[in-house]
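Protein chains in written order, with our numbering: chain G, 54 to 557; chain F, 792 to 1122; chain W, 3 to 368.
Among these hints, one or two may not hold up.
[What the hints assert, rightly or not] Short, incomplete list of chain G residues facing chain W, as computed with Cβ under 10 Å:
no., residue
1, Gly396
2, Ile408
3, Pro447
For the record, the hints were derived by calculation from the structure and aren't laboratory data.
Each residue gets a CB set at the ideal place from its N, CA and C atoms; glycine is no exception.
In case you want the letters, here they are:
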Amino acid sequence: MTAVELDGIWKRFPGVIANAGASLTVAPGSVHAVLGENGAGKTTLMNVLAGVYRPDEGTVRLDGVEQSFSKPADAIAAGVGMVYQEFRLIPTFTVTENVALGSAPAVLSKSSMEKQVGELAERFGLHTEPGREVWQLSMGERQRVEILKALWRNAQVLILDEPTAVLTPNEAAELGRITATMAAEGRSIIFISHKLDEVKTFCDEATVLRGGKTVASSLSVDDLDAGRMAELMVGEATAVSQRRVRTTVVGERVLDVDNIIVHDIHGRAVVNDVSLVVGRGEIVGIAGVAGNGQRPLADAIAGLRQASTGTVSVTHTDITGMDARTRNSHGLAYVPEDRIGVGLAPRMNAIDNAIMRNYRTLGDGPLIDFGQAESRAASLIERYNIKVGRVDQPLAGLSGGNLQRLLVGRELDDEPVVLIAAQPTRGLDVQGVKAIQDILVEQASDGVGILLISEDLEELFALSDRLLVMHEGAVVGEFDPDTATRQEVGAAMAGAHASEGSAH
Amino acid sequence: MIIAGILGDLQVLLTDTGMWVNLLEFGILLYLAALGEVIAEKAGVLNLGVEGMMAVGAMTGYWAGIQTGSPWAAAVIAALAVAIFAMVHGVVSVVMGADQVVSGLALTILGLGLAAFLGTDLVSQPAGAKFANLSLGQLSEIPGVGPTLFSMDGMGWVALALGLITWFVLNRTRAGLNLRAVGESAATADAAGTPVVATRLVAVGIGGAFAGLAGAYLTLKVTPSWNESIVGGLGWIAVALVIFGAWRPGRVLIGALLFGGLIAVGPRFQTRRCNGDEITNCITTEINPIVVSMLPYALTIVVLVLLSIRSRNRPSLAPAAIGQAYRREER
Amino acid sequence: MFGFRLAKRDQALPGGQVLAFGIGLIVALAFGAVLLVVAGHSPVEIYLKMADAAFGSPQAWSTTLTQAVPLGLAGLAVAVAGSMGLWNIGAEGQIIAGAIAGSWVARLGPDLPGPMLITLMLIGAAIGGGILALGPAIARAHLGVNEIITTLMLNEIALRTVRYLVNGPWKDPTSIGFPVAPELPEQAALPTLFERADISVLIAAAVLIVFGFYAARSKWGFELRIAGSSEKAAEYVGISLKRKILTVLVLSGAIAGLVGGLRLGATDRIVEGVAEGWGFAGIIVAALALMRPSGVAAVAIAFGALRVGGVAIKGQGVPASIAEIIQALVLLGALGAAVFTTYRIVGPKSYSGGDATSRDTSEVTS
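Sequences and hints are given; from them, build the entire structure.
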């Protein structure tokens, strides 16, 4: 008897196959880990189970009964609850109101409902205050409200999408106790994770996805160690990607980051004392699971986010006190993770976007010399082979590859000394990826120091001269891509002890 | 000396039964309109068409009063007419997803224009029906509250009842929970199975109906007559009241009475000013009534600034999804 | 319903706004025709009469353009703020503030020569409008206070201020009963351009052209457009949003204030109704013009004609408010129609897979 059985699930999106015959079997009363790299298809598979997507092929069975969900409400009715990484709570509603929303009685009795929610919470050891408004709660408490929402609807299967990403270690340990209580009641918990230690502590079995397929199903977590897990997740070194010739002689330091700490609005250190250097012509890669401080680190270096402490220097000039514009004029270019809306203004046209960095230098006085602007844009378009249709149309309709070439090209237009490239190839098709990677390599050969932040290990191994791994805001390991294995790096990403991973 | 003067003036004003009657009338009128706007905004729809909706309600109510001779029938007709009229805003901003600010302002301009156009012949006609004061027997004999609160007309009690019902529905029923969820986060409400567009349309319709009642009350009680500029900014005060009362029916009532009081007091600084021979039971302080009439707007700005400062480290009291059109993301 | 739904277009329909405006106009004229029939008039006759009054002769053109001036400038004021995503709902009040400041200046220098007095009066008016916008601008930039409500409230305060002035301190002692200020010095009247149009037409045209050019071509205008397109992109390239909000809202108020000054030149004294809805009409104009100066001019002339037509048919016993009704309906119709310039209706057959080609760049060129 199985609580959940997903069999041969295929799900295709334009240009991407997210699930290619993935399967998953979960026993009742167990905590089941689903592991995989970013893009392995975990979230898509879970969204199929939660009724958000309809699979192109394959079957979904609950307790042996085949299901056909056409909307999330169908899955909820069938007893499947999902807790997303981004909580779906209303901050100004109380815990009770959030829990009851969508399945409340016609007339609400505040006290009796709060009592019911309180009792439900107590039964599963979910410490919460039913009358408090959600905005006052910590992330851990909010997560418990999400779990309560599912339990209120009597979910027999609960999916937790990377639940510990937002939790403190203590809160994570408490979550482990909660899932154990729920499993003891006969419910099944699906636990999506990257972290080996918590998989081993919290879960009974694990299923590993890679490239949309299930590569290992229902392994006992006792059989899992860091090496095996990383091997399953990233695979053997199968497709040997074209390694670029590494710079043997790294020039002078062009980027110096010293002891940077960045706090989020809740006062958590999302970047925790990071120091790194990038030399002339060097590509330094930063690996890490999403949400481990890569984005705030890049923003802090580029001047979009205030660092609490620490200094940043470009070619030995301290730029810590400067705003984003002045940093840029000191030779720091930045390809941000959000290419639309941050790096590019989607409602403006290609010319406007092409000159967004250097419009001040185009034309004397208050006016922009648009003749010059057009020729700048034209040269970018030609040099980076950007297909824009009409240059006077808003960018919104361009493909990801063209947008990214425009963004990268513009950032390189003023010949920077340092380029921070955050997820520069994410979401691009094969040719798009190659085009961007070629540009990065070419620029490094020309002497630009590049900090490459990526979740794609293949890319990092192929391009980097040195590889740093970030975990929970800190740099936990440094590797030489020529000698390190993917398993070692994967283990460091999953939070194995830094000393194991260091390969100095 | 000055303090004694002010205290004396205050006594003159507070013992003026006519002032209290006017205060209640304007308070009721503003409360009805503002309550409707609270419902719409709680569902996430800013409707800047209140001024225009009230004009349509005032004209329709006046016309229906002449036709039916019954103030209640006229008020109901006005409420229904304006609920339908408000659907223009509903369709354009909620269904089609156009900007709520522009659509609401267009509704105001359309309403003022339509009321003026259709009501041209009504200007010269006397009122066909009026709301009469409701005597509550012994209660109406009590000095002070007797001739004022306990002698107000039926619409006053209706307004208070609607306020209570609105509070109850918003805070104590599933329908209210869903409506507030739609106004806080349409996507979350949608995920929980609440029909976002339908909820918003209903809220806009109810908001319109309440504005229609307010308009009818204006021409069937407060003035009672009709001309095209009769609303004269009362609709904007209603919009302001929603903010002043922080989107809460109870606080909005207090605000409505306060603003109604300012409207009632203003002219008395002129009509009851001491002049020459009359030196008792009159007002000595020299304040221009027009300056008093600015106070509701000025107070609202002050409250808005205070609310902004308050919400620096906590969520704003305004519904979070206000002004945002919702369309489910297609994958 | 029947499986039809709206799907976002990759690119807004080219010329879509003009199409939406056309649809809005048709909707409005059709509804207006219904009203006219109900009121016992022949719509064709009335509409022809309106068109003739607006465009039928040089004199007609001169009145149309005269009406288009405040519409265009008020529309520009709203559009300046709107291009950055800010709503200046307070143009109405800023027009009044401009008129108050302008007439205050004009009263100071009754002996100054005309050109100088007019110049000072207009500068004063612009400053007056700017000052009224300053409060909301500071509150928005530094405290995040919603500018829609503050500017809206200031409209009513400005209206009551001018009411106070013309009823009290500025009341013309020679006018019996009527609350109006004394006439301004004779040389403050704007010189005639042609027929009934005065030079305000030239001034408005110049402001629109200069501003339109500057917004499109200058570094300042470029930054404004970035901030309007995406605040995060603006921060990314190092534009100070606070300073932009301040300057843009105050500039918007100043342009609206200028309308107040120009109206003084046309009406020779300040009255309570000096703004007479121009500020609100400006919001409609700006919204229809998609916040673009060139569009503002075109819509302003169209609406100016509507107003002239509306006044002209008063003699036929048709209330002039028909013009307002049509204006509002054009906007509402266009707003409703605009949804189809950014969305298209998709039949029940094609589901998500059908969007695959939309990523293709070839669609961009077509």
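Status of the hints after comparison with the structure:
| no. | hint | verdict |
| --- | --- | --- |
| 1 | Gly396 | holds, 7 Å |
| 2 | Ile408 | holds, 8 Å |
| 3 | Pro447 | holds, 7 Å |
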